[in-house]
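For the record, the sequence lines run as chains R and C.
Sequence positions in the first sequence follow my numbering and run 1 to 295.
Sequence positions in the second sequence follow my numbering and run 1 to 351.
Because the hints were derived from the structure by calculation, they are not lab data.
There could be a bad hint or two in this list.
[What the hints assert, rightly or not] Using C-beta positions, here's what the derived DEER-type ranges look like:
#1 C:L219 with R:F281: 17 to 27 Å
#2 R:F281 with C:I177: 47 to 57 Å
#3 C:M155 with R:T214: 17 to 27 Å
#4 C:L98 with R:Y261: 31 to 41 Å
#5 R:N37 with C:L98: 40 to 50 Å
#6 C:I310 with R:F160: 31 to 41 Å
#7 R:H90 with C:L98: 49 to 59 Å
#8 R:D121 with C:M155: 17 to 27 Å
#9 C:K293 with R:T166: 47 to 57 Å
#10 R:K167 with C:L120: 42 to 52 Å
[Claimed, not checked] With a straight-line cut-off of 25 Å between C-alpha atoms, the simulated PhoX-like cross-links for lysine-lysine are:
#11 C:K143 with C:K246
#12 C:K94 with C:K246
#13 C:K44 with C:K293
#14 C:K44 with C:K246
#15 C:K330 with R:K92
#16 C:K330 with R:K93
The beta carbon of each residue, even a glycine, is placed where N, CA and C say it ideally should be.
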Amino acid sequence: MNNELGTVLQLFMRSLETGSVYSLAALGVIIVYRTSNIVHFAQGSLGMFNTFVVTYVFLSFRLPLWASTLCGVAAAVGTGFLVDFLIIRHTKKVSPLAKQIISLGLIRVLLGLAPLLFGVDPLSLPRFLRSGDFNLGGASISHNAVLNISLGLVLMGVLFYVLQRTKMGLAVRTTASNEPVARLMGVPTRRVTLAAWALAGVLGCLSGVMIAPTTTVTTSLMDAVQVNALFGCVLGGFQTFYGPVLGAYIIGVGRNFLVYYVSSIWGEQIMYLLILIFLIFRPNGLIGKKFVKKV
Amino acid sequence: MNEMNESPLASLKPSPWSSPYLRFVLFGLLAASLPLLSGSGLMKSSTLNYIGNVLVYAVAALGLNLLLGYAGLISLGTAGFMGLGSYIAAYAVKDMGLSFWAALTAAVLIPTLIGLLIGLISLRIEGIYLAIATLCVSEILLKSFEQADSITGGMQGKSVSYPVIFGHTFNRSSTYILLVVALTLVMILTHNFVSGQKGRALHAMRGSEVAAQAMGVNLLQYRLIAFSLATAYAALSGALYVFFIKFSYPSVWNLNLSLYVLAAVVIGGLRSIYGTIIGTFVVWAVPDLVLKKLPVVGGINGLPYIFNGILIILVVMFAPQGISGLWQAKFPLKRKKKEKEEAISGKKEDE
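Work the whole structure out from these sequences, hints included.
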């Protein structure tokens, strides 16, 4: 019985770790979606690119991992600024559909740029804390997993505090709710969008650094994260900032439990199927408000 | 052409060139003549592969254009259905020993049934939610391709040989001709569909669902039609892919492929058949056929793709109506031009 509980606990903690990765990426997607009305399909690719930066700095300059991560974060801010400054700013008149293609062009640029700058060989990135396990009621959880989980939660907490309680957050929320009116009211919407892209880049980079030790750093590093972040967004609903985060955690937990208890082959597909069925009953996601259609 | 010279009234008859069917067939003949060029050494043999790829993806892109341009419904499931079509075709021919036509029918019909289901879902889920719901279907299919070893060959992929049709074994050039014929037929079918009553109903639906319903358009019926056609096109494209490339790997059928098909449609221009084909060419053939030939850019590996990405972004930024939109802005329809001239001259008379 104790052993059973231990397995469940271990699965749960591991799910929380996956969930933090997905939810950081999902938060990036939703912040960009709410401020510039672009579904950020390039979130994963941007994260992949900046994880490459981290790995490259770590391996070539032999900096400690935390310093390399800071370099990656700086690069993420830089790329985010560049994308907004060079492209997004000039697309105010572009139709909403065509806007989505921009993120696709970005994917192609990043997929070409990463091997060009960092080589085609798969690189590997170690974990922050290489060893050490906590023993919790029969479950063993690595120190690194605990670090990832708490980093995700703390980061999320800080961001939501900023969003809900500060003037800066208010600016972001007004821009998200109605960009032209916010601009008329004197909200610096340009700076808000700029910050949103930079923040999305940073969140993508951090989720990349978290997931990198479990696999190798290649151009397809973030494919699964990107897809699951998007699913987290629909599961939670695009109307709030916290919905997608919640959705991403649910996917992380649901996926691991289904894979362990139901089927290691079909677990993930069942999870996606459940999301689809859920969407049929709640077409606007978990926390989505009903969209009133005007005739 | 001869008729024109024979009769003095010929100038009143529409010129045969204005027949869209003739233009489609001409397009087909032009595309089909390319293997001759490559056979005579005027064109590199690998070029034929890239053009063949364009033809294959153009079929899927035309399907998405029907869905997105005419019905106004977005789908990110194209890659999954292409993959499904390719695996069914490969399995039917290789493991079940079915004929080419039976395999092709199965490869198109089975995904179409799933497409119908998505059509049903689309009545409940809208906009971006629908896009990601279709992505969800695509991911379920993709994960299944990776896992169902016995049918799909898992990560190792599935291989088939060139098709055998009516006892005739095809080679690369004749399979290429097969692709051209398929694309031309699909173009004609698409043209007929959108210029008929069903196409008008879809138009109305995109403009305003409520107004369309008021005029007697059955939303369920037309959404089902739009989704099943788009899925059937995608599946056909996947089946053609596997017969031309002779391989199908799970890693091909991911989200990026769906996005590229979407990009091809938007770059080419919504509701334009030739535009879609040009868009497909820009996305799949320009990096390898054009950009790699440039002096500095082409020399470095990866750079052509970067430039292609930049090109895609630039087209969207400066030609949001796509390439066909640019074309129409530069060469407006003759009738419209005439009306404009009349309007201008009319104004002058008034003054």
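Going down the list of hints, with the structure as the test:
| no. | hint | verdict |
| --- | --- | --- |
| 1 | C:L219 with R:F281: 17 to 27 Å | 20 Å, holds |
| 2 | R:F281 with C:I177: 47 to 57 Å | 49 Å, holds |
| 3 | C:M155 with R:T214: 17 to 27 Å | 18 Å, holds |
| 4 | C:L98 with R:Y261: 31 to 41 Å | 39 Å, holds |
| 5 | R:N37 with C:L98: 40 to 50 Å | 48 Å, holds |
| 6 | C:I310 with R:F160: 31 to 41 Å | 36 Å, holds |
| 7 | R:H90 with C:L98: 49 to 59 Å | 53 Å, holds |
| 8 | R:D121 with C:M155: 17 to 27 Å | 20 Å, holds |
| 9 | C:K293 with R:T166: 47 to 57 Å | 54 Å, holds |
| 10 | R:K167 with C:L120: 42 to 52 Å | 47 Å, holds |
| 11 | C:K143 with C:K246 | 21 Å, holds |
| 12 | C:K94 with C:K246 | 11 Å, holds |
| 13 | C:K44 with C:K293 | 12 Å, holds |
| 14 | C:K44 with C:K246 | 20 Å, holds |
| 15 | C:K330 with R:K92 | 23 Å, holds |
| 16 | C:K330 with R:K93 | 20 Å, holds |
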